[in-house]
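Please build the complex by placing chain V on the supplied structure of chain H, with the hints as guidance.
In order, the protein sequences belong to chains H and V.
Sequential numbering of the first sequence, starting at 0, is according to numbering that gives the first Met the number 0.
Sequential numbering of the second sequence, starting at 0, is according to numbering that gives the first Met the number 0.
Incorrect hints may have been included.
[As the list claims (entries may be wrong)] On the chain H side, residues computed to face chain V include the following (Cβ under 7 Å):
{"id": "1", "residue": "Gly24"}
{"id": "2", "residue": "Tyr25"}
{"id": "3", "residue": "Arg42"}
{"id": "4", "residue": "Thr43"}
{"id": "5", "residue": "Gly44"}
{"id": "6", "residue": "Thr45"}
{"id": "7", "residue": "Tyr47"}
{"id": "8", "residue": "Pro48"}
{"id": "9", "residue": "Arg52"}
{"id": "10", "residue": "Thr56"}
{"id": "11", "residue": "Gly57"}
{"id": "12", "residue": "Arg69"}
{"id": "13", "residue": "Arg71"}
{"id": "14", "residue": "Arg72"}
In case anyone wonders, no lab produced these hints; they're calculated from the structure.
For glycine and all other residues, C-beta sits at the position ideal for the given N, C-alpha and C.
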Amino acid sequence: MKADAVRGHLDGLLLAVLEPGPLHGYAIIAAVQQRSGGVLELRTGTIYPALNRLERTGLLSSSWQSSGERRRRCYELTDAGRRTLAGERTAWREFTAAIGSVLNPGPAPGLTA
Amino acid sequence: MSADGRETDPVDAYVAELTAALHGPPRAKARLVEEIRGGLADTVEARPDRGLSLDHAVREAVREFGTVAELVPGCQRELTVAQARHTAKAVALTAPFLIACRYLAGTSGDDSAGLVPRTAQLLAVHAAGVAIVATLLAAAALAATGTLARRLPTVHRLPLVVAWTGTTAGIAMAVTSLALATAAALATNWPLLACAGVLAAVSHAAVAGAARACRRCARLPVPGTPGLG
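Next comes chain H alone, as it looks inside the complex (with noise of 0.2 Å):
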C-alpha cells in the first residue's frame, strides 16, 4: 500500500505501535511495517517530523537515550496519547464498519419475501 493511502492514518498508526512501550525513530518504522505484514509503505524519513509534531501537541514525550556510539530519541505515549488512540481505534471501527456494509451489504431489510 503506498505511502499517500497511509497518511491520513500515520498518526493513530504511530501511537498504536508506541502503545507496548517507548521506542526510536527507526523501531517505530520498522514496528508498523512488521504489524502490517510489509503491506505499508512509508517512507521511513517522514516519520520524523511527525514524531515531532505528535510531541509538540502533547500526544508524546521523548527522551535521548545512548546505545553506543550512537543517540536515538525515543518516543512514547503520553496520557493524552493514550486517549486519542482510543478515540482513533473507535473512529477507524465506526468507518470501516460503515464501509463494509456498503461493499458488502446484506439483506436488505423489507425487501425479503
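Just chain V, lined up with the frame of chain H:
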C-alpha cells in the same frame, strides 16, 4: 568527493544537503537533523547488501528512507511551526516589559517636565496597547500550535501572523526605548533610563531576531498540504 579530495561519507553528504535546505530555530533544527541522520544510518545498517558496497547500500537506503526533496516539505513545515512558537514565546515573555514601562512612565509623570517627557508617556501608553495585543496574539498562537492542534488544523498563515506580530512588538519596543531614554535623560530619571536600555537589548536580541527568522520561514515555498498539521 569533497573539495579537499577526500571521500565524502554518503550519509554525511545527505545530512549536509538536508541541513542546507532547512530553516528554523537552531536547536529544533539540530535535533531533527540528528534524528534523521541516526534514522538513515540505522536504515543503511539494516540493509542486507551493505557489506557489498557502501555507496550502493546508501543509495538503496535513501530510496527506502526518502530523498532530501521528499523529506524537506514535512520537516520545514514542522520547523516553521517551531519558529513561530519560538517567536510567540519571545513576544509573550518580553512584551509585558512595555506594559511595565507604561506604568513607569505614568508614575514618574510630572506635568512641569516639558513636552518630551509627556510625548514619551503618550508613546508608552500606545506601546502598552501594542504589547497587550501582541501578547494575546502570541498566547493564542502558542495554544493553536500546542494542545489545541490535536483538534484544530493549524492555520496555514499563522506563522506569518506571528512573524508580523513579533515585528510590530519589536518596533514598538525600539521606539519606546528611544523615547523613554530621551525622556529619562532630560528628567535625569535613571531607573527609566535603565529600563529603556533593557528594553532595547531585549527587543533587538530576542523579539526582532526571532520575528525576522519567522518571516523568512513563513515565506518559504513548501509544497504539499495546505494546513500545517
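Hints versus structure:
no.	hint	result
1	Gly24	5 Å, holds
2	Tyr25	4 Å, holds
3	Arg42	4 Å, holds
4	Thr43	4 Å, holds
5	Gly44	4 Å, holds
6	Thr45	5 Å, holds
7	Tyr47	5 Å, holds
8	Pro48	4 Å, holds
9	Arg52	6 Å, holds
10	Thr56	5 Å, holds
11	Gly57	5 Å, holds
12	Arg69	6 Å, holds
13	Arg71	6 Å, holds
14	Arg72	5 Å, holds
Violation of the numbered hints given earlier is absent; every hint is satisfied by the structure.
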